[in-house]
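Sequence lines, in order, name chains A and B.
Okay, so the first sequence: first residue is 2 according to our numbering, each after it adds one.
Okay, so the second sequence: first residue is 76 according to our numbering, each after it adds one.
No lab work stands behind these hints: they were computed from the structure.
Do not take every clue at face value.
According to the in silico footprint, chain B covers these stretches of chain A (three or more CB under 8 Å from chain B) [claimed, not checked]:
{"no.": "1", "stretch": "25 to 34"}
{"no.": "2", "stretch": "74 to 82"}
Derived SDA-like pairs: lysine to any residue, alpha-carbon spacing no greater than 25 Å straight-line [what the hints assert, rightly or not]:
{"no.": "3", "chain 1": "A", "residue 1": "58", "chain 2": "B", "residue 2": "142"}
{"no.": "4", "chain 1": "A", "residue 1": "87", "chain 2": "A", "residue 2": "59"}
{"no.": "5", "chain 1": "A", "residue 1": "58", "chain 2": "B", "residue 2": "141"}
{"no.": "6", "chain 1": "A", "residue 1": "58", "chain 2": "B", "residue 2": "146"}
{"no.": "7", "chain 1": "A", "residue 1": "58", "chain 2": "B", "residue 2": "134"}
{"no.": "8", "chain 1": "A", "residue 1": "58", "chain 2": "B", "residue 2": "148"}
{"no.": "9", "chain 1": "A", "residue 1": "58", "chain 2": "A", "residue 2": "25"}
{"no.": "10", "chain 1": "A", "residue 1": "58", "chain 2": "B", "residue 2": "95"}
{"no.": "11", "chain 1": "B", "residue 1": "173", "chain 2": "B", "residue 2": "158"}
In this text, all values refer to a predicted model and were calculated from it rather than measured experimentally.
Glycine included, C-beta positions come from ideal geometry on N, C-alpha and C.
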Amino acid sequence: MKRGELLGSLEHIILLALVRLEGGAHGMIVRREIEERTGRNISIGAVYATLARLEAKGYVSSFAGEPTPQRGGRATRLFRVEAAGKRALQISEQTIRSMSAGLKDRWGTI
Amino acid sequence: MRPCSPQTFLCLLLESVLPDPYREAIIGDLIEQYTLRVESTSRFRASCWFWSQACRSVPPMVWCWLCSGNCFLNMSVAVGVFIVMATLKFAADLTISKLVSPDQTTDVILAPIVFLTITAIGGCVAARIRRGATLFLALMVTITVAILIELKVCSSPVPWWYQFGFLTLGPLAVMITPTLFGPLKQQGSVT
Chain A
2 MKRGELLGSL EHIILLALVR LEGGAHGMIV RREIEERTGR NISIGAVYAT
52 LARLEAKGYV SSFAGEPTPQ RGGRATRLFR VEAAGKRALQ ISEQTIRSMS
102 AGLKDRWGTI
Chain B
76 MRPCSPQTFL CLLLESVLPD PYREAIIGDL IEQYTLRVES TSRFRASCWF
126 WSQACRSVPP MVWCWLCSGN CFLNMSVAVG VFIVMATLKF AADLTISKLV
176 SPDQTTDVIL APIVFLTITA IGGCVAARIR RGATLFLALM VTITVAILIE
226 LKVCSSPVPW WYQFGFLTLG PLAVMITPTL FGPLKQQGSV T
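Extracted from the complex, chain B is given alone in its bound form (with noise of 0.2 Å):
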């Protein structure tokens, strides 16, 4: 049975974005639920029930969650691990202008494999350090990137789609990648 396949994604990203220690408890209803839905009406249906009830969840379980009392401490790990990103953003910036020789092109491509990295390694630290200071440095990625986009910060003229990529892949990057390769992965599997 492969009760949350048409919603791996989401599954994902609501392992990522719910806090403890009810993460576990709403995913698996979302997919009880929805295994039970699809048999007594259609796919379709039963996916359009389980993609509503995620998006309207998550809003209060994190208001919830900011409400609780760890939100200081979560956001100070989190501005920590932003220092230390900055720093390895400008490390590799430095790095990669030195031993590669200076060119449009190379920067374009070579820029987003740099930021998602780093923001792939940063939201693994921040999990590891605490679970909540991931949604605050999504947060702050965001931010970030929206205010380099809006400041006009690159050379080189790019499409909308790309800095676009930069400003939706950075946060998901921070989110998803320590449900996917951290040690929080749980043993129920997202199938």
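With the rest of the complex left out, here is chain A (with noise of 0.2 Å):
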């Protein structure tokens, strides 16, 4: 990641609840993560568009799994964040929270 370019919020989002899932985790079960932590109702879309992108910047690798009949026979695509991707993440936090620090008490004022 390049010095002073910042993760996107959804991708920012995404990879923190890859994080969380660990392992490696399906479009589906990244955006009920999000759903169930954030409440933002996101589209699987938007959620895979997001995905490709991360994995086209190396941040998080892709594998295809097991085709399961409740998936009318369709293989599922799991994710997982790479160093990369987590590196990202931290200089991504570092930057909002240096940026942020000391604005906590002029909130009532914005």
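Hints are included, so try docking the two chains, each in its own frame, into the full complex.
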């Protein structure tokens, strides 16, 4: 991740969800985790589009799972966070933290 | 178990529209979630959820795929196939006019048959060369038909639904035929 380059909000949330889910999770699990924790109702397509972007950046990797009858015989695709993704998360968190440092008292006045 | 039965058409459409390599995963996720929702709520509510998710999922995936860099190559293939399709249509019209006496009724009946056959073949050829080209080809067919309707090129007066049929079925034939009959049909059944 280049210096000064921040993760998008959905990228950030999806990376955090993947870190929480550990090991590997497919799009629908990620979507459900985000919905349960944030109340944001995002489409499965938006989740996969963001995961595709993150994969292109090398922040996540994916591998094909087993097709099951419940999925109409379609294979699942599992995602997991790579070291670069964890680093990007840390940088992003650090940037937001340093930008919001000292602003706690001002929230009421903004 | 027929987890996707009420959404067969939608599954087919999604299969035609969604880009690789996430197509299978997205449709599989939707079907799995639909099955779970049918068990926990009602079939109607699960269907509503399926439709809303499917409709909301296509634009971000298509946008993501358009930004991925294969755009130019897919567009080039689509333009090439479109030119071949236009030539075929011209040749077919010429042959029909020589074989059958020029008659408005015959024209109105034969025109959609020729049009749909050519768009279906075009879709299959484009998909065989590059899967993503079908989307551009469908778009080009839609724009061309819209322009032709606007220019009122049809010699005989036809009802609006006849023209609307060209506008909707043409792109659909381009998108769906490769999924239905092409070599791209995966082992995953769209039941």
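What hint numbers does the structure not satisfy? none
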